[in-house]
Amino acid sequence: MKNRRLKKGINSSTFLLMITIILFFTMYIAGMIIYSDNGFAKPQMFLNLLISNAGLIVIGCGMTLVMITGGIDISVGSVTALVCMSAAYVMENKGCNIYVAVAISIVLGGVFGIVQGYLIAYLDIQPFIVTLAGMFFGRGMTAVISTDMISIKNELFLKWANCKIYLPFGSVNRKGVYQQAYIYPTVIIALAIVIILSFALKYTKFGRRLYAIGGNQQSALMMGLNIRKTKMQAYILNGFLTGIGGFLFCLNSCAGFVEQAKGMEMDGISAAVIGGTLLSGGVGTVIGTLFGVLIKGTISCLITTQGTLSSWWVRIVLSALLCFFIVLQSVLSSSKKKNSR
Amino acid sequence: MIEKVGNRKHCYKKITERRLFMPLVCLFIVLLANVIKTPDFFKVSINNGVLYGYTIDILNRGSELIILSIGMTLVTAASGGQDISVGAVMAVAAAVCCQILSGGAVTTNTFENPLIIAILAAFTVSILCGMFNGFLVARLHIQPMVATLILYTAGRGIAQLITKGQITYIRVDNYKILGGYIGSCPVPTPIFAAIMTVIIVFLVIKNTALGLYIECVGINGSASRLVGLNSAMLKFLTYIICSLLAGVAGIVASSRIYSADANNIGLNLEMDAILAVALGGNILSGGKFSLAGSVIGAITIQALTTTLYAMKVSADQLPVYKAIVVIVIVILQSPIFKKYAAGLVSKRAAEGIEGAN
Amino acid sequence: MNKKIVLSVKNISKSFSGTKALSSVDFSLQKGEIHALMGENGAGKSTLIKVITGVYKYDEGEIHIGERKICNHSPQEAQENGISTVYQEINLCPNLTVAENLFIGREPKRMGFINWKLINQKSEEILRNLNIEVSPTQMLAECSIAIQQMIAIARAVDMRCKVLILDEPTSSLDKEEVEKLFELMKHLKKEGVGIVFVTHFLDQVYEVCDKITVLRNGKFVGEYETDKLPRVQLVAKMMGKDLDSISNIKGERKEFSGKRIPFIEAEGLGHQGTIKPFCLAIHKGEVIGLTGLLGSGRSEMVRAIYGADKADSGKLKVNGKEVKIHAPIEAMKLGMGYLPEDRKRDGIIADLSVRENIIIAMQAIRGMLKPMSKKEMEEAANTYIDLLKIKTESRETPIKYLSGGNQQKVIIGRWLLTNPQYLILDEPTRGIDIGTKTEIQKLVLELAEKGKAVTFISSELEEMLRTCSRMVVLRDGGKVGEIESDDLTQDNIMKTIAGGEQEND
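Chains as they are written, first to last, in full-length UniProt numbering: chain A, 1 to 341; chain B, 1 to 357; chain C, 1 to 505.
Misleading hints may appear alongside valid ones.
Stated by the list, open to error - Here are the simulated lysine-lysine pairs, BS3-like style, with alpha carbons at most 25 Å apart:
(1) C:Lys228 <-> C:Lys10
(2) C:Lys57 <-> B:Lys339
(3) C:Lys374 <-> C:Lys333
(4) C:Lys495 <-> C:Lys276
(5) C:Lys276 <-> C:Lys324
(6) B:Lys288 <-> C:Lys374
(7) B:Lys206 <-> C:Lys375
(8) B:Lys339 <-> C:Lys400
(9) B:Lys288 <-> C:Lys391
(10) C:Lys219 <-> C:Lys10
(11) A:Lys205 <-> C:Lys122
(12) B:Lys339 <-> A:Lys229
(13) A:Lys205 <-> C:Lys109
(14) C:Lys219 <-> C:Lys259
(15) C:Lys400 <-> C:Lys374
These are calculated hints, taken from the structure and not from any lab test.
In isolation and in its complexed conformation, chain A is listed as follows (with noise of 0.2 Å):
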């Protein structure tokens, strides 16, 4: 079966993702060269790059999935602040538990995920006005819960946010001493999270319907799918995902305040579109999204071991890489146009 698909050449989706995992094994191989002893060549390194981007993974895999139903979600920065935010508060300045706050987390992002999906679906707006909308709307509303930064002192939260799970290899450091690698409990609900979407988007019907959705809409609606359901349903997905995302996010920088998570938009999209994700929908791959996001971890990763750049670089140099992969999906699509003529 393997070797067949691969003697029909490899075609388009695929090639983006090759490209993508190609780039990532270079760039990252390339640092472990340069930046050795800066520690990039230990396996912690790897795992830190998994640690920082927990919530972006969870929120680019949401992202993912919007995308490939061929619309788009620019909330998700915004709604992460604000899930910080309400969480940080709720903890600090109203004394609840961290369930609460977990609860109040993947409620916030569920209703941005109905309203924008039921705006996007039931009445046809654009998906992008809906959301930028969105996007206005939760960072104001961050900003009225508390124009202040709160910083999380909740034990329970720190302890969960502390809490290292030490995996059986390790590194030794300048002095000598043998370290340990560990991971957080994010990073293990963040991979959990990419490996069951990624079963879901291949094995249930809820998953084929967005691919198929995404593919041809009219095509779809006659073969007897349910459009507006189904695009309601991604949303609203992507909105939970977006809550538990911005906890995780939450649990790496233990506060909250209005200018968190900004760009985060960006990287969600550059992660999904760097993954091999059409704009234009039908194709894309949560795994694609994971390596789209170490891409950008890395990316960031390299310019601050540099130490020279300013961390504006990290920005720009992933902006140029996903108009690069834009231009290359246009190149694509056009180029396999005039093939089909």
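Please arrange chains B and C on chain A, whose structure you already have, making use of the hints.
Same frame as chain A, now just chains B and C:
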């Protein structure tokens, strides 16, 4: 039906009036709310040889928005999408302008380079940004919002790089003119800048066929091609105009604070500009446009902003209200909602007829 | 009732806001039969199909599947009742595999999850049974259009359909692909599926169909055995002419008398996929008609000349000079004008006023920097509103509020304003009342008298005979003949349109 034909001229006149009717009503409501709250809202006085008053303040603060909303109107009309990079382009233009003026230093008390060169350079960079957006939209057929999202995020980073991560101050009185006052003229300069921009764009549209072309392309792309219009070129052009105007707005904004603050110049203004276009009665999916409507829309938004400020709503919280307004407008514009509303009306009418029978 | 009949439609009527699209149409389909549904554009073929598949509700009549009376409210319901439809535009998802396209929406599951192994296995079986040579794991986008079409059919067949409706399935296929599709159709026929085949290719009808039902103007004309209906008769039936009673209309048409100075000369001009390379000369002061059945390449021919579809082969000379036209604006500058076939999609700019719609082409030629003054525009608009008797409330009324005929006149006015040397009118009289029709015909003749070249395309032969001095006949996307002067009779034209008579007799 026969009656209708007779009345059509009348009806039609009503429709043309209606284009500006709604925007004016919105403005009126906002102003009315203000007058009720602060009776001396329309009072304009002269303090220290300078005009003071709420209305002047609204026009002054709203200048950048007016300039932006004009560019946004053209982009919306031609491509049926919006340019969300305008705020970032403002920051870039301001950064370029200030950096050239300061000659690379963080703060300066004299112009290191002529002002005109700095402004031209800023415009050039803005045009380049517009070309980038235009290329992605017109040539590669990428949805306008996705295409401009790239600059939306990268733009401020670029601006930061230009100013080397610092806020460049130009402490020269001549630089403050654009954001302040010319000599002893009591009217703030930004108002002139806005009026000038509106007049120039209006004259360009009046004296060329650009306006007609843009509407044509926005309404029916394939018919436009067959009557000999180059729709890709026209879309490209509107993005350039939009970014250039964003550059103008950026310089005004930077002159106001005599510095280039890459993080805050034009912050959240893209949303306001889109809102101004929508409030001005322009359909966000393209087609016919009204510059006057957008200007009124922009003033309305600024009045709303000022009002909310007066009500002690912090700057960070403003977007909440604006987002709600946007959603309400797009819902009202959406065909499905219109159908639903029309369905309700006709149902009621039908019931009326049945009742009469 | 005949037990072999799988689908019978009786006395179906359907009207749209007052206009009858179908009036008392009968149609019956037997098991294992390929039945062609024929008719010119607007005859009611697609309405009938949409009524059968539940897209439209019918006003009167009955539909039976086998013995059972049914009433479909949606394509899905029709599908459940055993009626499947495959349209010209393939309704499949290009980003999914062949197998998935066959099974989406009804995937077999194992323990709650999709069983891919079973899907691929079953697909392989289906494809093998129908002799479709494609791997189930291949992406649909990588398959040729013909294979995609067949997969759509396979999906329909696998959903246990008794009636398969193929709506113009062959229009975008090449010859070999059509052959493959026919094999599949014959295969299905043997398995007892009743097939309704809608097409405008006469050759194909005679190749596979057992019976032909002809519709005209929403009315049932007749059901015929294919062997017993010669082609010319079929064309006559579709066009509403009885061969025996054809009178030669040669009324007002003036013989072309002046010197033949060619304005347009096309040598091997063509556009891949739409029109085969053709040679054509169009002279000044001549009205040349393009005729052929719908989809024969009439519009495509003029689009290639005008640059609406950039020609990818051959040479074009305008006024004796060789030119390359990349976009319509270049053709316009050379003195051409084009009234497109689809008024709504390609003609009117709906929200703009009558005035703006009239001047837009002129303005485009003058260029953006030389706008017409308000006075010029108003004068131009008034001139053509008066000249063409356009019924509009005012110059400034948006064109979308005008009736179809008046919209068409506005667009004619748009081109007359540019004073073209060569005017292309593609179906200028479709859907227009009779008075306006004659006005347009007169106008065409006047233009020719003034020495302009005109190309006139219409589905109505009489109209063409009245106005054209020469006719070019097209079939299956290529030019098949030119008829002029005394040979220009309905009889001759129809024979040429039908073509291939000898082989069939």
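Evaluation of the provided hints:
1. C:Lys228 <-> C:Lys10: With a Cα-Cα distance of about 24 Å, the restraint between Lys228 (chain C) and Lys10 (chain C) holds, given a limit of 25 Å.
2. C:Lys57 <-> B:Lys339: 21 Å, holds
3. C:Lys374 <-> C:Lys333: Distance of about 23 Å is within 25 Å: holds.
4. C:Lys495 <-> C:Lys276: 21 Å, holds
5. C:Lys276 <-> C:Lys324: 18 Å, holds
6. B:Lys288 <-> C:Lys374: 18 Å, holds
7. B:Lys206 <-> C:Lys375: 14 Å, holds
8. B:Lys339 <-> C:Lys400: 18 Å, holds
9. B:Lys288 <-> C:Lys391: 24 Å, holds
10. C:Lys219 <-> C:Lys10: Status holds; Cα separation ~12 Å.
11. A:Lys205 <-> C:Lys122: Given pair Lys205 (chain A), Lys122 (chain C) holds - Cα atoms ~18 Å apart, limit 25 Å.
12. B:Lys339 <-> A:Lys229: 20 Å, holds
13. A:Lys205 <-> C:Lys109: 9 Å, holds
14. C:Lys219 <-> C:Lys259: This hinted pair is violated, its Cα atoms lying about 46 Å apart.
15. C:Lys400 <-> C:Lys374: 22 Å, holds
Of the numbered hints listed earlier, the single one contradicted by the structure is hint 14.
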